[in-house]
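J.: Top line first, the protein sequences correspond to chains A and B. So for the first sequence, the numbering used here puts the first residue at -6; every next one is plus one. So for the second sequence, the numbering used here puts the first residue at 43; every next one is plus one.
Treat each hint with caution, since some may be false.
Interface residues of chain A toward chain B, partial, derived using beta-carbon atoms under 8 angstroms [to be verified]:
1) R75
2) T79
3) S82
4) V113
5) G186
6) V187
7) K207
8) S238
9) L245
10) L252
11) Y257
12) G266
Just so you know, these hints were derived from the structure itself, not from any lab. Quick reminder that beta carbons are idealized off the backbone N, C-alpha and C, glycines included.
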Amino acid sequence: MRELTTVIKLIMLERKDIFLSILFGFLAGMGAVSLFANSGYLISMAAINPPLYVLTTSIALLKLFSATRAASKYGERYFSHRATFTMLSNLRVHFFEKLEPLAPRIFHRFRSGDLLSRIVGDVESLQNFFLRVYYPPIVMMIVFLSTIAFTTFFSVHVAVTLLVGLVLTGFVIPAWFALKQYKIMSQLREKRGVVSTEATEFFYGFRDLKLYQKLDTQEKNVRTTADQYVKEQRRDSIHELYSTSIIQMISLSVSWFVLGLGAYLVGTGELEGVFLAMLVMISLTVFENATPMAIFPAYYEDSRRAATRLFSVINDESENKGVVEEELLTKELQEKDPISINMNNISFSYPGEARKTLSEINIDIPSGTKTAIVGPSGSGKSTLIQLLLKFYDEYDGDIVVNGSTLAQVRKESVWKATNTVLQSNHFFYGTIRDNLLLARDTVTDEEMKQALEMVDLNEFSLDDKVIEKGGNLSGGEKQRLAIARAILKGSRLWLLDEPTSSVDFVTEKKIYSHLFDLGKEDTVVLISHRLTGLEQMDQIIVMEHGRVVETGTYDELMERKGYFYQLKEIEKSVLM
Amino acid sequence: MKQLKEIARAQRGKMYALVMISILLGVVIVAQAYFIVAIVDSVFLQRESFQAVLPLLIGLIVVLIGRAVFSYLNGRIGVNMAAKVKKDFRESLLRKYAKNPIQAALKGQSGEKVSILMDAVDEIDSYFSKYYPQIIQTSVVPLIILVTVFYYNWVSGLIMLITAPFIPIFMIIIGMATQKKSEEQLEKLAAFSGQFLDKLQGLATLKLFGRAKEQREVIQKSSLEYRDATMTVLKTAFTQSLMLEFISMLSIALIALEVGLRLVIYEQLTFFIAFIVLVLAPEFYNSLKELGSAFHTGRGSMGAAKKVTEELEEKDKPISWGERSLVKHQPIAISLQNVSFSYENSGFSLQEIKGEFPSTREVAIIGRSGSGKTTLLHILSGLLNPLDGAVLVNGHPLFEYKEKDWFDQLSYISQDPYLFAGTIRDNIAIGGTGNESDQEIELAAEKAGISEMVRNLEKGFNTAVGEAGRGLSGGEKQRIALARAFLKQPSLILFDEPTVGLDLKTEQILQQSMKELAKTSTIITVAHRLHTIRKADQILLLEKGQLLATGTHEELLSTNPHYREMVSAQGGEAQ
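In isolation and in its complexed conformation, chain B is listed as follows:
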């Protein structure tokens, strides 16, 4: 709430414009009353001719048009403020997310982040487009009306001054008394609303068990319960507006009584004054009441704003890269020096990992799931910043190099490569510099063993693959990632080996391709397959974030009982 107010104040020009327009609006409302009353007074009591009131009528139409125009302008400024705020929020969020190291992106909260960027930011809209302009209007317009009424008839003014505070006071009292109750109800509502979706999603299961038909009653029952709970919440809101309505009606009636009595019995007032007070009184109370409804819209925005600002305030440690250059196709040797890492809010940590990855050699990282293999791969690729220790590349710390030079040298083939919306050609070309010819792309696809499959598609390389490569199987996606690597010809390849589920042909292609890429590159594999492990120059065996042993297959077999056990557990094919 506070932040939103500050943001609104920051748009100074617009805020002043809102105040100005609200003042004009107040003036116009008073003028409208004045002209109407003057015209009726002239015609009805002074018995003046139609021609005589013509100037007043012209004045009135100008004022009426003015009122519509000012309301429009007021709203328009609000809309513009909202547009700017939404734009700014989205930009800061994006800047923040883009700088974030991979850690945040991998926490598996991508869906949530999309929703913050889209829905939460959109919800902020109504604070600026509705609530804020209304607040300013309500602080200005009633004041102008009050001054006018005091000017004409101080007794009515006094009644207004005394009764007006009852509206906000009652709003607060009722609000406090009912808030807790309605919050409880709202929780119940959230639970209810999920159930219809639950039944729809489980429809297949229900049918297989022959239970679908009887669910009709269940849905009806829970739906009606949902209705009743909602009505309980709404009833408190309706009662609140009923009370406000009563207060304002009573106050208006009081004023009517006062001016009526003073007009007729005491003859202290003229018709003109009595009438203008009576016209202005409803405008006064309406303006106050509108604040109440604007408040409800504003409250939803505040929740959303809290979510967004919390997201922006979350600490992050961006990686800063250096200026050292790395020549393309230069051999790469990596050395891990006591590297440690831990994720925020999770017990897992990598502890003091040491390892040498000589150039153009193959190193395998093995271990049970959850032992930290993928995390280590992320550190080696420069996506994560180790908390302690260093990653040395050709003798210099990794982050001393230029970011671009480093990533230009590296390919990362994950278990589930991401395919972007676009054609298959685009998805392979992303691995290159952007200047590759069609032949080069097709050659890369050929080497990755995917060109036959692509050519069989109706549109060949121009086939669009949807978001995240929908329509392609896991093996096909992995082969596209391989094609990217062939196009890039990197000096370092990080490879997260597939576990199960690939067909024999893909298996063979993967092995063949890796063999070819290995001729010129340093290869680091998260390995699951014995043949990969056997031919590795070095094996790192991880267990619960710790390095258990290092060595070749033969060395580990003879020295490490844990390794021996792992190998023999899988069907005893140790040799």
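Extracted from the complex, chain A is given alone in its bound form:
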């Protein structure tokens, strides 16, 4: 429940829509009850030859109630959905505000896959919270209580019977089923997870399974787990069905009791016979408002889980601690000077991992120099850049930037001072211009065109469309666009992580010559996937298994005939 309080707070921002949903829900519920009460009364009155005006009034009322019910139902639906979608919008904004300070460091937890899209799914699934969990019980309560109040005028006994029915169908039964729902749903999810894993193995490992003749075994695995999953789903559906039927049965039994009690009371003269039909019709109709309670447990459980998962991401205390500490930092990096970097004895492992990604790294990058970092994949090159960008700060040793300890410097000022191209760069839905404008507000079209030219993307127009994640751009195009964006930013430290790994050799050379021209005075750190074109670098750092194995200029390293030389030999021997 604690997790849902935030959601409730966000819902409460839409007071007017909530009020209107409940009001119209109430009117619709009461419309139906009045309609059937009225028709029961009308028919009974008709049987005992009343004055005509009673009949005509009743018939007029009948029409009024019909219209009220139909129109109110529309209003209820309209306002409740509007409230829901406004709430979702508030939730997205709230979530974004909370997640924003935690990024990008929080993304290490998302490396394994599509957690972000799951988050988006969780937000979506919370739409059922207001629609099926939050307000229907409120409407049900008010309709029931009003109806019960009305029936007390005719028979207190009948009113008490209805009250017992309300307690049973509205609270006791749903609560009981909600308890069981929790277990069933967690088993269902578990089973689904298993099938999904087995199916993923089946498809992604198809070739190897086939070659090792394990395809049949795996097919059987998927089939068995899928069968168990279907069985579990069946159990869940029957559970829901059962809950609906029990509520239906209790509602009908209460109406039966009302009828029996009424019949008895008419016999004893405590109730006028003309009201009997009306009371039975009321009872049969009012319990229609209890039907949504049958699906309440499932949606409640669903919302609770979605909310828990959602807020566990942003409420993680250890993550938030970092944010608070960050706010206390005051040191700024001066953008105007080229930046010097010293790494002293840095060791680092990713949170939750035992293996050290970096061990005892010592690096000295004087301001205005050009440094290349090379080494096999997995040697820790990118991690170095991530530490420089303050994505992580729980390393041993210290990093000194322009004489200040990096740990004391505000993240924002570090980011402001760097032109960064990461291995994967995000492009947003919009145009090329929109994506380049991220660099600086003051960028002119002319500058953008120049930057595109430098990265050999002349064929792009600034108005060309970009879809989410730059899905319509090729790998090389994305890399070049990211470089253009970095060029436009105009800061004095360049951090480039394999910026041209998908770009052909000739274009790469051209881009680098522009970059080194632009960044003549700046500090450049380039992680390179190739060993060619490194002759002009001031220093080359060679890494393997998280350690620096060699440092020197190109000529020095080639002369030494050490690790770099051997890598170079291999590269030379590789075709394509």
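Since the structure of chain A is provided, determine the placement of chain B on it from the hints.
T.: Frame of chain A; chain B shown alone:
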């Protein structure tokens, strides 16, 4: 839609049961009305005692319980039908996918296929669990009510008969008028919903450019636009139910007016008849209206069903293997005779490839990316069926051999070997027959140069590697694949050589291991490294699916300008 109906009909027993229960449900609904009206009539007009109506009350409670029980049973049959259909669909899909040659699996649609197997099949559920039982119920229950009303009072029956068709007619008219509009809106919605995810995924980029804070407004704005577009779609749906509600309310009011007038003014009806008609009328219209809401649930399923059946209908050409046996550790020689192959829906094709792969020799296949090297490797391994030409193994067509015998002889070390969920030991053992001892597995790991790394892990060979070998580097995965080969000791090894990114140690181990394996096996390598190419007994040079030249390194250097150019382009180290 048609297919789903047929599937439903195929479950004959359940269909009949649904019809039976629906009939009972109709009877129970009528009986419920009868008892209620009879009790009120007796007590109110006939002034009978409570004791006198007791039998009627008992009858009523039985009927009420019956109604709940029958609704439950009806739903339960639907749920069972859905469970069976989902099971059947998954099984046919799996059977189909398992038979599929590698081609489909390599099209890079694995994610999509997982989603069809999981999500699309699940979406079919509501057709059987909700829509179909409702359809049957709606075709039976109103009919029974109508007959009853006609029996008591034909005028009311006539009103029902005339007004009832308006409900489906209006549903269709409104549906047609709004469908196009709402489909357009739905497209817009799909575009909107992606944008929030886009912003979250790009959060790191936004922060690096100091742009994150201002996105709050952007999200709010697009979110509210999303809301308004959704509301437009929903409003049409709500209007539709409003109209239906009005029709049924008007009809009920009409009936009420009719029975009221005939009861009071013309005194043609008894209270009993008037009341029972009035109780049954809402049941009648409700049942019709419920069809409308069931229809919406059914429609989602139909889309999913279409996806699944399309998948099942897609043509495939399974490979059929023969009965010829191949003795284990027997030397293997392969001959490619004018082999051609092309992928469906793609322009690429391999054309008339000829080649000899003598036993215990090493053959290298080289060419630019996209020249067809990997496809050729798949054909050589028996994973793809050539469209034309033949692969001869020791003089006989490959597919004449027993599938098991063939794969028992072969190891395939790809650039990105797949590691299955399980321990490292399991992942090596998959290469063997399943009877290998721990020592043998560890020896294989030793030879593949990975045992040191494994022993340094806390749990050693029992370390679990996740799906697709998460947690291991590319080089480590490749060495596990090598260990599999050492365990298997195959007569034929197909090897897709790594391009870049391996550390020096892994490089050395790979070379050492290949040398050892080469002693007893025929080796076919997709080669990128000059030293592999130099020592190959034969080189096949591919270009755009065609065989440009065959020969040794020296031969090709002297005869083929294209080859010479390739070798010298890479830093000029031709010698």
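J.: Which of the listed hints are broken here?
T.: 5, 6
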